[in-house]
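Asker: Residues per chain, in single letters:
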Amino acid sequence: MKASRSRAIQGIDQARPDDENPQRSARPASPRARLLLGVCLGLLALSATADGIEVAPPKTTDEAIDLQLAEAAADRHACLRCHAMSTLAYRNPENSDIVGLSLDREALAHSVHGELACIDCHRRSYRRYPHPDRPAPGDLDCIGCHEDEDQNLSRGWVDIDAEFKRSVHAVSDSPEAAGFSCHSCHDPHRFRPAAVGEPIAQIVRNHNEVCLSCHEKLVAPLNTSHDWLPNRDAHWASVRCVDCHTPAAVFANHDILPAEQSEKNCVSCHSSDPQLLARLYQFRSEDDIARRGLLAKAVFNEAYVVGLSKSPALDRLSLIIMGLVVLLLAAHGVGRYLARRANRRA
Amino acid sequence: MNAFAKTLLTPKNARRLLITVAVGLLVLFVLYKVVYPIAFDAYVGKSNAPLTYANSQPISEAELEAMATELSLSSRRAAAEAIVGQNDGAFARRVKVEMLMNTQSFMREHEPTHIKYFRDANILQYEGPKTCLQCHATIKVRHHDGRTSEVDTLDDIVNSVHFKFQSDGGGGFSTYGYDGRQVNAEGSRPIPVGKINRACGIPGSFSWTGWAALVESRPEATHGEVELRSEGCGQCHIGGNYQPATEKMMPIGDVPDVAKEGIDCLICHSTEYDMNQRYVIRDDVGLRWNQDRTMRAALTVGRSTTKNCLNCHQHNMGGDAYLHNEAAQALGDKNQRLLHTGAKRGNPFSPQDDVHAAAGLQCTDCHVPEGHKIPRGRMGVDLVANDLPNVEVSCTTCHTAAPHNRSEHKALLNGHLDRIACETCHIRELQENNVVLRDWVHPTWDAEEGIFTPTDIYRSGEVNKGFTFLWFNGNGTFLANALGNNPNGSTEYDPLMAQLARIDDPEIVAAVREKAIELKKTYPDIDVDAYVEAATDPLSQLTPEQLDKRRRMLDENLRAHMNDGESRIYPFKLFNAMMYEDMGNQGPFGAMILPFDYATYYETGDTTASVKQAIQDPIVQRMYQEPFKLYMMDEFMAYFGVSGGWKTHYPLVDGKLENVEPKWMRQMGSLMINHGIQPVGRDCVECHSPNGILNYRALGYSPERAAELENLDIVENLRPAASFSATDGG
Numbered sequence: 011m012k013a014s015r016s017r018a019i020q021g022i023d024q025a026r027p028d029d030e031n032p033q034r035s036a037r038p039a040s041p042r043a044r045l046l047l048g049v050c051l052g053l054l055a056l057s058a059t060a061d062g063i064e065v066a067p068p069k070t071t072d073e074a075i076d077l078q079l080a081e082a083a084a085d086r087h088a089c090l091r092c093h094a095m096s097t098l099a100y101r102n103p104e105n106s107d108i109v110g111l112s113l114d115r116e117a118l119a120h121s122v123h124g125e126l127a128c129i130d131c132h133r134r135s136y137r138r139y140p141h142p143d144r145p146a147p148g149d150l151d152c153i154g155c156h157e158d159e160d161q162n163l164s165r166g167w168v169d170i171d172a173e174f175k176r177s178v179h180a181v182s183d184s185p186e187a188a189g190f191s192c193h194s195c196h197d198p199h200r201f202r203p204a205a206v207g208e209p210i211a212q213i214v215r216n217h218n219e220v221c222l223s224c225h226e227k228l229v230a231p232l233n234t235s236h237d238w239l240p241n242r243d244a245h246w247a248s249v250r251c252v253d254c255h256t257p258a259a260v261f262a263n264h265d266i267l268p269a270e271q272s273e274k275n276c277v278s279c280h281s282s283d284p285q286l287l288a289r290l291y292q293f294r295s296e297d298d299i300a301r302r303g304l305l306a307k308a309v310f311n312e313a314y315v316v317g318l319s320k321s322p323a324l325d326r327l328s329l330i331i332m333g334l335v336v337l338l339l340a341a342h343g344v345g346r347y348l349a350r351r352a353n354r355r356a
Numbered sequence: 015m016n017a018f019a020k021t022l023l024t025p026k027n028a029r030r031l032l033i034t035v036a037v038g039l040l041v042l043f044v045l046y047k048v049v050y051p052i053a054f055d056a057y058v059g060k061s062n063a064p065l066t067y068a069n070s071q072p073i074s075e076a077e078l079e080a081m082a083t084e085l086s087l088s089s090r091r092a093a094a095e096a097i098v099g100q101n102d103g104a105f106a107r108r109v110k111v112e113m114l115m116n117t118q119s120f121m122r123e124h125e126p127t128h129i130k131y132f133r134d135a136n137i138l139q140y141e142g143p144k145t146c147l148q149c150h151a152t153i154k155v156r157h158h159d160g161r162t163s164e165v166d167t168l169d170d171i172v173n174s175v176h177f178k179f180q181s182d183g184g185g186g187f188s189t190y191g192y193d194g195r196q197v198n199a200e201g202s203r204p205i206p207v208g209k210i211n212r213a214c215g216i217p218g219s220f221s222w223t224g225w226a227a228l229v230e231s232r233p234e235a236t237h238g239e240v241e242l243r244s245e246g247c248g249q250c251h252i253g254g255n256y257q258p259a260t261e262k263m264m265p266i267g268d269v270p271d272v273a274k275e276g277i278d279c280l281i282c283h284s285t286e287y288d289m290n291q292r293y294v295i296r297d298d299v300g301l302r303w304n305q306d307r308t309m310r311a312a313l314t315v316g317r318s319t320t321k322n323c324l325n326c327h328q329h330n331m332g333g334d335a336y337l338h339n340e341a342a343q344a345l346g347d348k349n350q351r352l353l354h355t356g357a358k359r360g361n362p363f364s365p366q367d368d369v370h371a372a373a374g375l376q377c378t379d380c381h382v383p384e385g386h387k388i389p390r391g392r393m394g395v396d397l398v399a400n401d402l403p404n405v406e407v408s409c410t411t412c413h414t415a416a417p418h419n420r421s422e423h424k425a426l427l428n429g430h431l432d433r434i435a436c437e438t439c440h441i442r443e444l445q446e447n448n449v450v451l452r453d454w455v456h457p458t459w460d461a462e463e464g465i466f467t468p469t470d471i472y473r474s475g476e477v478n479k480g481f482t483f484l485w486f487n488g489n490g491t492f493l494a495n496a497l498g499n500n501p502n503g504s505t506e507y508d509p510l511m512a513q514l515a516r517i518d519d520p521e522i523v524a525a526v527r528e529k530a531i532e533l534k535k536t537y538p539d540i541d542v543d544a545y546v547e548a549a550t551d552p553l554s555q556l557t558p559e560q561l562d563k564r565r566r567m568l569d570e571n572l573r574a575h576m577n578d579g580e581s582r583i584y585p586f587k588l589f590n591a592m593m594y595e596d597m598g599n600q601g602p603f604g605a606m607i608l609p610f611d612y613a614t615y616y617e618t619g620d621t622t623a624s625v626k627q628a629i630q631d632p633i634v635q636r637m638y639q640e641p642f643k644l645y646m647m648d649e650f651m652a653y654f655g656v657s658g659g660w661k662t663h664y665p666l667v668d669g670k671l672e673n674v675e676p677k678w679m680r681q682m683g684s685l686m687i688n689h690g691i692q693p694v695g696r697d698c699v700e701c702h703s704p705n706g707i708l709n710y711r712a713l714g715y716s717p718e719r720a721a722e723l724e725n726l727d728i729v730e731n732l733r734p735a736a737s738f739s740a741t742d743g744g
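Going down the list, the sequences are from chains A and B. Take the first sequence: its letter number 87 is residue 97 in our numbering, and every next letter is one higher. Take the second sequence: its letter number 377 is residue 391 in our numbering, and every next letter is one higher.
Bear in mind the hints are in silico, worked out from the structure with no lab data behind them. Heads up, the beta-carbon is just placed ideally off N, CA and C, and yes, glycines get one too. No false leads were mixed into what you were given.
Far from chain A by the CB rule (all over 12 Å, computed), these chain B residues: (1) T66; (2) N69; (3) A76; (4) L114; (5) C146; (6) N349; (7) E462; (8) K479; (9) N705.
Label pairs and their calculated CB-CB ranges: (10) H381(B) / C276(A): 53 to 63 Å; (11) E722(B) / E116(A): 15 to 25 Å; (12) E270(A) / Q692(B): 57 to 67 Å; (13) Q639(B) / E116(A): 51 to 61 Å; (14) E718(B) / A172(A): 45 to 55 Å.
Chain A with its partners taken away, still in its complex shape (with noise of 0.2 Å):
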C-alpha cells in the first residue's frame, strides 16, 4: 500500500501542468496518471474506512488529489513542528557524538518525497510522541517502496539493489562499512536526482559532497592518495567520483568498485569516444548531446575535455599541413644545393 500511494503521488506530480522540468512535463502524462488517479481513488475510499473516519464522498479526481496533498501535509506539518527544529539532536551515549534529527524543511519540500506523508515511510506508531526508539527491521528499506519497474529511471531497481549487493560498501568487512544502506548516501530527506540541464559543475559538487560526506579524508590537505592523477584538483571539480569508481564498460553507478580495480586508463575519458560522455553528460539535454562537430562539443560540454573533442577532419588538416613543410624544407635544401654547384661551376 505504502509503494502505491507514494507511486500515486508521483503520478499526480507528473500529471501537474507547472512541472519545472522540461523534459518530464514534455512527455505525455495523461494515460498513466489517468491510471494512478483511480488508484488512489479507490486507496482514499480504503483508508477512509479503515481509519473509520467519515469523509464524503469525493466528487471530481481533482478533489481527490486535493484531498490527499493535503493530508499528507497535515502529516509532514505535524512532524515538521519538531523536526524541523534545527538543533534537535541528541548525543549518542555509546561515543558522545551528536546526533542530529533535524529536517531542512526547504529541501524536504523540493526532494523526491517532498510530498508524501512522512508516515508512508515512518511506521505509524512515530506518529505519536514519544517514538520507538528504533524502526522496525525493514521499516525504511527503498526497496519496499520501489520494487517494482519505474520508468523514470534507465534501469530498475531490482537492478539497482544487485549493483549495491556487489559494490565494495556492501562487501567490504570494514568496521566503517556496517550497516551500509541506501540512506547511507541518499538522505530521503533531501534526495533529489539532478535533472537534465542543471550545469554539471554543480550537478558533480553535489554528487561528490555526497562521496565526501564519510570519506572526508581525502581532501585532508596531505593526503596522497590521488597524487597519480594529473590536475588532480581540475578532476574533482569537473568529474564525479562515480565516473572513475564505478565499472567502465557498463552503465552502473551504484556498483561502487574498491581503490584497486577503479578507472585509472586516462583514455576512457579523453578519447573522441568518451565514456564520460554516457555518464557525466546524460545530464546534458539530448540535443546537447546529440550535437557533432569541434565546436559543439568544445562549447556545450561546459568543460572543454582534451581528447574529448577530437575531430578527424582536422587531424588529417594537421597531417598535411606537417607534410608540406617537409616538402617545404626538403624543396628549398635541394634549391640551394642546386644553386650552389651551378655557382661553383662557374
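For this one, chain A is given, so just place chain B on it according to the hints.
Answerer: Chain B only, in chain A's frame:
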C-alpha cells in the same frame, strides 16, 4: 630654496636647528607630563595625593613565620577536609585529615605559594602595587586565539574595564544608539561610556559625584546617636583614589602614578582579603576607600577565585541583602558600608542557588581572562564597555549544542535551543527583593538604618513580574533595551512600545497603587492616579509629537538592528526608576538624568537639595560647558535619541533647579540574567498552555502559530503519564 637649504645646512645652523627641535620636544613633553595634569585636575576639580593606608605595616620576621604557619595550616586543613569523605566517624575523619595535612607532597601542593616567595625575598610589608610589581612587572598573556604576548602588568590593569570603567573603542560592541548608529563602532568618534542605565547606586553614570561618601545615619538602636556609614561606587571599583579614573575619559593623558599606587590588587587576588577593611576614610585631601593591605592578605595572594569576584559582584547579582552574600556579612571595622536592600538582578551565583557554583566552578572557568582583561561575552545590553568584545562566553562552549542527556525527551529539549536560550528554562525565578520600579524622588525613612532610602515601588522575583522574555540577538540600545526579533521577521513584535513600555498585569498595577497611597501619607502632593499611570505606562509622559517621533525612530533606526543575526528568547530583568531629569535635554526615549549627592540624600531625604549638591560638582558643571559638549555630549545625546545636540543650559540657576522634573524613564531597561542556573528546567506546560508564561502573540507569532504553540498535542499526550519536566541538567 637652494640657497636657503645651503645656509641651513652649514654646520653652525644645523646645530642650532637640532637644538631648537630638541628644546621644542622637551617643552612639549614637560607640558604634557607636568603642566597638562595640573591644568586638567584644576579643570575637572579633582586632586591627587600620595595614598597611605594604616594597615600597611611592616611586621617582624617572627611575626611572618607565625602568620605563615597559621595560614599554611588553615589552607591545608580546608583542602584536606574537602578530600576526606564524610563517611567516617568524627574522630577517624579528624585523624585522616591531620595525616593528609602533614603529608609532604600535600603540603607543597596546598600551602599558599607566596609564603615561600615573601620569606625568600624578605618582604615584610605590603605596599600595594609597588610590592607586586617587584616580581610581576610584566606578565605573559595567553589569548583566546592561541597567541601569547608579554604585557606590562600595570598598563594592562589600568586600561581594563575594572579600573577605568570603559574600554577602548572599536569593534565588537553590541550597543546601538536610538539614532541607529552602533556606539563607538569602528570609524566613529569614540566617546567614553561604560555602563548603561545603571540600576545601582546613583542613577546615571556619575561615579564622580558618588565615588565615596560618609553618611551620618541615625539608627533606632543608637537612640539618636550619629553613626557614620560608607557609601559609593568606589567600594567596588579597584582604584583607591579620591575619584574614578577621570583622566582616562580624555583622549590624552594618563592616571597619575600616585593614583595607580592606589590600585587594590588583593581584593581580586587574595583569598584572605578582609572586606571589613573596605570602608570610606577621610584624609586631608578628601574621601576615599580604604583597603586591606595587611601582610596576612598579601601572603595568600594567588589567582582570582570565585570568592574574590563575589567580593563585589554578588552585590549586582544576588544583591546586598542576599542570604549567602559573604562580602555583605563583613561591612567594615568602622564606617560600615550601607547595604542596598533592593537587588539589581536578584540572580545570585552561590552554591545554594547556582548549579555551576555548587559544582565548584570558578568564575574564570567561563569568563576566561586574558591577562587582566576579562570577557563578558558577545551578548549584553547594559554595558557598552567590553575588554574582549570578540571572546565568546556561552553555555554551549562546555555543554555542546546537545546539552540534555538524561531526560527521555532529550532530543526534543535540545530542539528548543535554536529559539530558546538556556536561561529561559533554567532560571526559574529571581530573588524576591529584585527591584522593578524604584522611586528616587520620594524617599522613605529607614528607621533601622537611620537613613532615607529610595522607595522601591515594586519588587518581585516572579516570572513576568520581575522579569520577562524578549527576543535577543546580542544587540542592545543605549538605554539597555534588548534588541532582537522573531525569526519569522515579525513586524508586530515591538518591545519598546509594548513589553518594555507598559505594565498591564493588574497585580502589579494594584501593588503600585497601594505603594503610591502609602507614599501619599508622607508626600501629600502625590496624585495617586497620575502616579500609577506614569509608573506603569511611562509613555504617557510623552506628548503625541514625541510619541510619533519615537514610533518613527524605532521603525527607521532600530528595526534593522532587531532583525540582525539570530535571535533567541532570553529572560530579562526589568527595571525603571523615577529620577530628576534635565528637561532641556529630552527626547522620545528619556531625558538626561541628574545625580544625587549621597550624604544629603540619605541624611535629609531632601531630594532636590541632594540634586543641587551633586550637580555643583565641577565635573557636572564642565559637562554643561562648550568643550565637553563638543568633545562628547553631542555624540552622547545623538545615541540617546535626542536630536539637536547637547543643550548646555546648566540646570542650577541662583540656587534653584531650572527646567528639572521628576520623571520615569520612557521605557524599562532590560538587564540580562545569566546566573542562578537551576539544574532542573521548566516544565513544558509552563510555556505550552493557553496561560503559559510566554505570550506568543506579543512575541510576534501569528495567531495560528501562537494557538498551536499553546495547545501542543505532544504535551497534552504526555501530561497524564508523568509531567514532562525538563529534569535534565546535562
